[in-house]
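Colleague: Sequence:
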Amino acid sequence: ELLFVNSGDYLPPAEVGLAQANELRLTTADGLSLVAWHVPAPTGQRTLVYFHGNAKGLANRARIFSQFVQAGYGLLAVEYRGYPGNEGSPSEQGLYNDARAAMEYLTQQQGLQSEQIVLMGRSLGTGVALKMASEYETHAVFLISPYDSIAHVAQRKYWYLPVYLLIRDPFDALALAPQIDEPVYIFHGTQDHIIPMEHSQLLYDALPNDKHYIALERQGHNRIDFAPIIQTLQRTQP
5 ELLFVNSGDY
15 LPPAEVGLAQ
25 ANELRLTTAD
35 GLSLVAWHVP
45 APTGQRTLVY
55 FHGNAKGLAN
65 RARIFSQFVQ
75 AGYGLLAVEY
85 RGYPGNEGSP
95 SEQGLYNDAR
105 AAMEYLTQQQ
115 GLQSEQIVLM
125 GRSLGTGVAL
135 KMASEYETHA
145 VFLISPYDSI
155 AHVAQRKYWY
165 LPVYLLIRDP
175 FDALALAPQI
185 DEPVYIFHGT
195 QDHIIPMEHS
205 QLLYDALPND
215 KHYIALERQG
225 HNRIDFAPII
235 QTLQRTQP
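Using this note's numbering, read the sequence shown as starting at 5 and increasing by one per residue.
Treat the hints with caution; some may be incorrect.
[To be verified] Okay, the calculated beta carbon distance ranges per label pair:
| no. | residue 1 | residue 2 | range |
| --- | --- | --- | --- |
| 1 | Lys-161 | Gln-74 | 35 to 41 Å |
| 2 | Arg-160 | Ala-59 | 26 to 32 Å |
| 3 | Gln-205 | Ser-138 | 19 to 25 Å |
Simulated from the structure, these hints should not be mistaken for laboratory data.
C-beta: ideal position from N, C-alpha, C; glycine also.
Using the sequences and the hints given, assemble the complete structure.
Modeller: Below, the structure written as structure tokens:
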């Protein structure tokens, strides 16, 4: 209950300034119907598959999504189970199933090739993005305020409790890191007190291949300037 803060009402994209997004329903392998927003990419551009953090829903990310679309990228954002607009209850394995539904939609129904897809996760969603990177070939992975594991973040915060015995959804990103073949770009605010930088540095150290660490000076966890992230995206274009 502390991890998944899935409150709020569902608002369609047209009501939050993202009228160019198509509202979809994707079906997961375990039979749930999930809302997703899709902005097809312009010719020659890539599609960002975005996995958001633990609080609220897609409508709260509309301003961020608009920045990506205005920069010329396509976008697919699937809403997690149990979050606004969706049935079900969130869990680690459940979120992975939700993400797979998004990836299958792009690769099977839309016919996108691996080079046309960039995975992007923020906070909780970074673990989901890494899980997809371990299962699907993509152009690159962008992680914003990531962790080594949710269990480790919680254990350091609540050092006086046996968190490893209590947490049901550990999201062990560190265990996934050696499996990642794609280039990985990590962005982390130097003043992040929710997931301190030391957690993403552990993750960075465990990544085997093409990896980049960008410290966002004087930025915290919930307020991030996406301009450097978009600039880095643009530099990864062929």
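Colleague: Now look at each hint and say whether the structure bears it out.
Modeller: Outcome of the hint check:
1. Lys-161 / Gln-74: 35 to 41 Å: With a Cβ separation near 36 Å, Lys-161 and Gln-74 satisfy 35 to 41 Å, so the hint holds.
2. Arg-160 / Ala-59: 26 to 32 Å: Between Arg-160 and Ala-59, where Cβ atoms are some 20 Å apart, the hint is violated.
3. Gln-205 / Ser-138: 19 to 25 Å: 20 Å, holds
In summary, the structure is inconsistent with hint 2 from the numbered list given earlier, while agreeing with all the others.
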